[in-house]
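J.: Single-letter residue listing:
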Amino acid sequence: MTVLPTTLRPDEPERLVRRRGLSIGDPILAWLVRILSLAALIAVVIMLVQTAVDAGTLFRHENIVEFLTGLRWEPSNLIYGALPFIYGTLMTSIIALVFAVPLSIGVALLIMEYLPHRLSGPVAVAVDLLAAVPSIVYGFWGILYLVPAARPIEQAIASSPLGVIPIFSGPAPGPSYFVAGLVLTIMILPIITAVTREAIAATPRLQREGAMALGATHWEQIRHVILPFARGGIFAGIILGLSRAIGETIAVLFVIGNAPHLAASIFAPGYTLPSVIAAEFREANQPFHIEALIALGVVLFVLSFGVNVMARIVVGRFERRAGGADVR
Amino acid sequence: MSVDSRLLRPTAPGRRAVDRTIFGLCILAGILALAPLGAVIYFLIVDGLSAWSPAFLVELPGPITTPGGGALHAIIGTLMMTGLSLVIATPMGLAVAILIVEERTSRIAPLVRTAVDLLAGVPSIVVGIFVYTLVVLSTRHFSGFAGSVALAIIMLPIIARTSEEMLKIIPRSLREGTMALGMARWRALTFVFIPTIASGILTGIALAVSRAIGETAPLLFTALGSNFVQTDFSEPMNALPLYIFQNAINIGFPAAKQRAWAAALTLVVIVLLFNLIGRWLASRATVRGARS
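In the order they appear, the protein sequences are chains P and X. Using the working numbering, count along the first sequence one by one with no gaps and you end on 430. Using the working numbering, count along the second sequence one by one with no gaps and you end on 687.
Take the hints with a grain of salt, since some may be wrong.
[As the list claims (entries may be wrong)] In silico SDA-like cross-links for lysine to any residue, where the CA-CA straight-line distance does not exceed 25 Å:
{"#": "1", "chain 1": "X", "residue 1": "Lys-652", "chain 2": "P", "residue 2": "Ala-313"}
{"#": "2", "chain 1": "X", "residue 1": "Lys-563", "chain 2": "P", "residue 2": "Gly-418"}
{"#": "3", "chain 1": "X", "residue 1": "Lys-652", "chain 2": "X", "residue 2": "Val-664"}
{"#": "4", "chain 1": "X", "residue 1": "Lys-652", "chain 2": "P", "residue 2": "Tyr-247"}
{"#": "5", "chain 1": "X", "residue 1": "Lys-563", "chain 2": "P", "residue 2": "Glu-300"}
{"#": "6", "chain 1": "X", "residue 1": "Lys-563", "chain 2": "X", "residue 2": "Leu-420"}
{"#": "7", "chain 1": "X", "residue 1": "Lys-563", "chain 2": "P", "residue 2": "Arg-136"}
{"#": "8", "chain 1": "X", "residue 1": "Lys-563", "chain 2": "P", "residue 2": "Asn-410"}
{"#": "9", "chain 1": "X", "residue 1": "Lys-563", "chain 2": "P", "residue 2": "Ala-258"}
[As the list claims (entries may be wrong)] Pair ranges (Cβ atoms, derived):
{"#": "10", "chain 1": "P", "residue 1": "Gly-408", "chain 2": "X", "residue 2": "Pro-505", "range": "12 to 22 Å"}
{"#": "11", "chain 1": "X", "residue 1": "Ile-459", "chain 2": "P", "residue 2": "Ala-304", "range": "26 to 36 Å"}
{"#": "12", "chain 1": "X", "residue 1": "Ala-434", "chain 2": "P", "residue 2": "Ile-130", "range": "48 to 58 Å"}
[Said to hold, decoys possible] Examples of chain P residues lying across from chain X (beta carbon under 7 Å, computed):
{"#": "13", "residue": "Val-239"}
{"#": "14", "residue": "Trp-243"}
{"#": "15", "residue": "Gln-257"}
{"#": "16", "residue": "Ile-352"}
{"#": "17", "residue": "Ile-379"}
{"#": "18", "residue": "Ala-381"}
To be clear, the hints were calculated from the coordinates, so they are not data collected in a lab. Glycine residues also receive a C-beta, built at the ideal position from the N, C-alpha and C atoms.
Isolated chain P, as found in the complex:
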């Protein structure tokens, strides 16, 4: 944010000069801009309202608490419970974060701190390209190569002593929350890395040089100067990644095994909110089935909206703190 030196509001000189309305082009432009923007605004509002109304139809059939806490999803028996999918969405997202957060911070440090300039540029672009690959390609690749590659690992963990713990228990047929989490890791890694890199780049140099002068090793500079300064930014990146993970549809659909149950083990097949919507929407033929899927969409919207609001709050707080601490 640049602070303007004058006490005038930024648009004030322009208004002084152009107050006279030198041309009829100005009102035309102003109205064109307003109409197009309003059209966008109104479309958003109508879509939100219409979707909420459509989802609301379901609650004539089933009450909202039953829907949100229901463990069974049996469209043929007209039973619609959303909990297995909410659980699946949270489970896969958490698995993705567990892998992606340390990896992304490592990659960001590698690019910003360790690699020589000649290498860091290409590595940064390559990591960004991970985000450009369409999710359908990850899904297709995932079912053909990632699931078979992960199956022995899953089975090894499930049959080891760790398998006694319910979340690691077998059998591990292959497609699972775990593999979905792996695919999500790949997809959110570039986002978290990009935001972390920006946060690292914003670390004030004085402090770093101070640490250097005190004889800190490279890691000690990172540990005591860079990471504390970048903490807010890293957290914002994590939340952005989480928001992406929650909404990812197609890639997850191919590797999660498509089972509408709630399973404790991360090696069991399951379903997430977006993937069940994508899988069943076109074939929905039972009464209230479409409405139930739209209601799942609303739950998903609320979840991701909540995460985005959280991101906004965190980023705001981070910017304020950084503004106060920046001594350059």
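Position chain X against the provided structure of chain P, taking the given hints into account.
T.: Here is chain X on its own, set in the frame of chain P:
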């Protein structure tokens, strides 16, 4: 007096070992992060190239069990829907950006800003549901138009955001120059500001296209898909991601698997092309004298 020898000793081996270990871990993280990219590209080239042929671009697919066949209908559908969604999203995105930056006093500006930010965070499958309830239910028909609207919703926040950022960094001297010349606002905007930031706006458009062109989820129940060339926007259309999806859920059939790989290769090449165009434009999109 001798200098305390502790002050001169080299970094303790323990601290140095930690330093080295962390460096090693960062290298490992880099390898692990780039491995999937390598793997995806490797299999795209190996499996994709063997399935791909120029005929893929101009032929229609045969029955699901017959090998060969192309994706002409999907390519035409992708081009048409992406084109229409650009026609919808670009003026709207620009208008939103102009409203937010140039009409700061407008009371609807913050509302529009919030709505567009909201759209940016909506999962793409939910965009599909929105358009299903808004367009498909009201026209009682799956259509290429509905698919285009869905893609436009995905593009809009990207175009609006990049244009907004570019408008904001127009140098103050340039603004004052247009004022000193007594230029009307619309003239300044259309003939000075927008040409100045054109490459920035194009960056946004290229990135929006690269994002939208690869989207499957919002098309599943809006454009639906079709098995022949469809140029009528009021009818269901196919698109490359949908084509991959349809073939990928039938990977039991070798022919379908082959077609999915060929289409995946085609799609990734198109997406990367737009992504690189966007990056190239962005690298040139610095307004001269911007940071005043």
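J.: Now tell me if each hint is right for this structure.
T.: Here is what the structure says about each hint:
no., hint, result
1, Lys-652(X) to Ala-313(P), "56 Å, violated"
2, Lys-563(X) to Gly-418(P), "19 Å, holds"
3, Lys-652(X) to Val-664(X), "18 Å, holds"
4, Lys-652(X) to Tyr-247(P), "13 Å, holds"
5, Lys-563(X) to Glu-300(P), "20 Å, holds"
6, Lys-563(X) to Leu-420(X), "40 Å, violated"
7, Lys-563(X) to Arg-136(P), "19 Å, holds"
8, Lys-563(X) to Asn-410(P), "24 Å, holds"
9, Lys-563(X) to Ala-258(P), "55 Å, violated"
10, Gly-408(P) to Pro-505(X): 12 to 22 Å, "21 Å, holds"
11, Ile-459(X) to Ala-304(P): 26 to 36 Å, "53 Å, violated"
12, Ala-434(X) to Ile-130(P): 48 to 58 Å, "54 Å, holds"
13, Val-239, "5 Å, holds"
14, Trp-243, "5 Å, holds"
15, Gln-257, "21 Å, violated"
16, Ile-352, "5 Å, holds"
17, Ile-379, "5 Å, holds"
18, Ala-381, "9 Å, violated"
Hint compliance for this structure: hints 1, 6, 9, 11, 15 and 18 are not met, and every other hint is.
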